[in-house]
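Chemist: Following the hints, put chain P in place on chain B, whose structure we already have.
2 protein chains.
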Amino acid sequence: MTDPELKIVLPFWADSFLVEYQNRSFVSDKDKMMLAIELSRLNTEYGTGGPFGAAMFNHSTGKLISIGINLVTSTKSSVAHAEMAAIISAQNILNTYDLSTINGGCELASSTEPCIMCMGAVLWAGITRLLCGANDADARGAGFDEGPKPQNWVQEFEKRGIKVKTGLLREDAAKVLSEYKNNNGIIYNPKR
Amino acid sequence: MTDPELKIVLPFWADSFLVEYQNRSFVSDKDKMMLAIELSRLNTEYGTGGPFGAAMFNHSTGKLISIGINLVTSTKSSVAHAEMAAIISAQNILNTYDLSTINGGCELASSTEPCIMCMGAVLWAGITRLLCGANDADARGAGFDEGPKPQNWVQEFEKRGIKVKTGLLREDAAKVLSEYKNNNGIIYNPKR
Chain B
455 MTDPELKIVL PFWADSFLVE YQNRSFVSDK DKMMLAIELS RLNTEYGTGG PFGAAMFNHS
515 TGKLISIGIN LVTSTKSSVA HAEMAAIISA QNILNTYDLS TINGGCELAS STEPCIMCMG
575 AVLWAGITRL LCGANDADAR GAGFDEGPKP QNWVQEFEKR GIKVKTGLLR EDAAKVLSEY
635 KNNNGIIYNP KR
Chain P
455 MTDPELKIVL PFWADSFLVE YQNRSFVSDK DKMMLAIELS RLNTEYGTGG PFGAAMFNHS
515 TGKLISIGIN LVTSTKSSVA HAEMAAIISA QNILNTYDLS TINGGCELAS STEPCIMCMG
575 AVLWAGITRL LCGANDADAR GAGFDEGPKP QNWVQEFEKR GIKVKTGLLR EDAAKVLSEY
635 KNNNGIIYNP KR
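Here the protein sequences come in this chain order: B and P.
Numbering-wise (the numbering used here), the first sequence opens with residue 455 and increments by one.
Numbering-wise (the numbering used here), the second sequence opens with residue 455 and increments by one.
What the hints contain is simulated information worked out from the structure, not anything from laboratory work.
Given the structure is predicted, the values throughout are model-derived calculations rather than measurements.
Possibly wrong hints are sitting among the right ones.
Identical chains blur together in the list; that is why a pair holds if it fits in one copy or across any two.
What the hints assert, rightly or not - For lysine to any residue, the following SDA-like pairs were computed, each having C-alpha atoms within a straight-line distance of at most 20 angstroms: (1) K645 / L548; (2) K617 / N512; (3) K635 / D599; (4) K645 / N546; (5) K629 / I641; (6) K530 / L548; (7) K461 / T529; (8) K603 / V618; (9) K645 / R583; (10) K517 / G559; (11) K484 / G621; (12) K645 / T582; (13) K461 / L548; (14) K617 / D485; (15) K517 / T550; (16) K645 / Q609; (17) K619 / R646; (18) K484 / F471; (19) K617 / K645; (20) K517 / A468; (21) K613 / D599; (22) K645 / E612; (23) K645 / R594.
So here's chain B without its partners, still in its complex pose:
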């Protein structure tokens, strides 16, 4: 048995995306969400994964720290959701398991409200702010199981010091989900 490894190889188009946006400052929540939605859109357009994108920013400077896209099928790992990739990448880059220790704090923009796994990952990563685009119903409408998320999850986040903003550019984000469904994109939930 070799050491377990989740290597999330970003697709070819991510290189030029990063050249364009890395180290740029994103001021408004809307700008941050636009980037996450653009990632979800490119991932489906290029056929490189599921219709989900995420991006991590320094809350104080607005600088882009890391990106994440859904790569479950290409990495052959059910763990490789967009938020997980963005968190793993940010913690790689900043060399810490607790992003709350980073000056200015870290915030995550996710094109869709996190599933129950990513919800937990956000709680443990030390993120101080979460921005969400499409909602749970939009994701379920496209065929994805989001898991038994608690109804009061936003309060549970706030109780732990994590601010949450939902419904940011929801229509734009949900459009990527419905287009993925209409184009018969792979629903990679496990077979039951």
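Modeler: Relative to the frame of chain B, chain P by itself:
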């Protein structure tokens, strides 16, 4: 930005552990749980991580597929929980994001009921059976936040075709948690 990577380097003692147990068949649920608890105990005794262990088995043959231990501090990744490591490893080894496609099915033994992140990871991995040792209150008693898990999570799992058995060797599993607490083990929840 390089490709994000979660490389879970298993500690030195895992080698001899695997030499001893790999490819062995574990027949009873109790034997499987004993292995997961032994992993949690060794991880704390050697000071290589948090007091949590997990092991993946083929349900039909009882063969050990992969192991996981908590390595949040050494990998500097808040994602590196025991269950995540065992899932990532099993999917590496079996070359699939959906363990439900494996002949005989896959079952995970976890020394403690999964936190909300690992709960989601178990749901998406294609596991057909989950065995748990210590419970939520035991983990919280040792200082770990388990997240806003739904109270009816066992029913939610069964609804998705995943059988759950809780409280297996609970006292042995909980003892590892309380000893970790008594020895002032690191509680790696993010600073709030």
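Chemist: As a check of your reading, is K645 near R594 (CA-CA no more than 20 angstroms) within one copy, between copies, both or neither?
Modeler: Within one copy only: 16 angstroms inside a chain, 33 angstroms across chains, cut-off 20 angstroms.
Chemist: How would you label the pair K617, N512 (within, between, both, or neither) given a Cα cut-off of 20 angstroms?
Modeler: Within one copy only: 14 angstroms inside, 41 angstroms across.
Chemist: Between K461 and L548, at a C-alpha cutoff of 20 angstroms, which is it: within one copy, between copies, both, or neither?
Modeler: Both: 17 angstroms inside a copy, 15 angstroms across copies.
Chemist: State whether the alpha carbon distance between K645 and T582 is at most 20 angstroms within one copy, between copies, both, or neither.
Modeler: So K645 and T582 pass the 20 angstroms test across copies only (10 angstroms; inside, 35 angstroms).
Chemist: For the identical chains here, do K517 and A468 meet the 20 angstroms Cα criterion within one copy, between copies, both, or neither?
Modeler: Only inside one copy: K517 and A468 sit 17 angstroms apart there, 40 angstroms across copies, limit 20 angstroms.
Chemist: At most 20 angstroms between CA atoms: does that hold for K613 and D599 within a copy, between copies, both, or neither?
Modeler: Cα proximity of K613 and D599: across copies only (12 angstroms, versus 26 angstroms in one copy).
Chemist: For K645 and L548, with the copy left unspecified, which applies at a CA distance of at most 20 angstroms: within, between, both, or neither?
Modeler: Result: close only across copies, 16 angstroms inter versus 37 angstroms intra.
Chemist: Can you tell me if K484 and F471 fall within 20 angstroms by alpha carbon in one copy, between copies, both or neither?
Modeler: within (18 angstroms within a copy, 51 angstroms between copies)
Chemist: For K530 vs L548, is the C-alpha pair at or below 20 angstroms within one copy, between two copies, both, or neither?
Modeler: between (26 angstroms within a copy, 10 angstroms between copies)
Chemist: Should K517 paired with G559 be assigned to within, between, both, or neither, using CA atoms and 20 angstroms as the limit?
Modeler: The answer is within: 11 angstroms in one copy meets 20 angstroms, while 45 angstroms across copies does not.
Chemist: Classify it for me, K461 with T529: is the Cα-Cα distance of at most 20 angstroms met within a copy, between copies, both or neither?
Modeler: both (7 angstroms within a copy, 14 angstroms between copies)
Chemist: For K645 and R583, with the copy left unspecified, which applies at a CA distance of at most 20 angstroms: within, between, both, or neither?
Modeler: between (34 angstroms within a copy, 14 angstroms between copies)
The earlier numbered hints are all upheld by this structure, with none contradicted.
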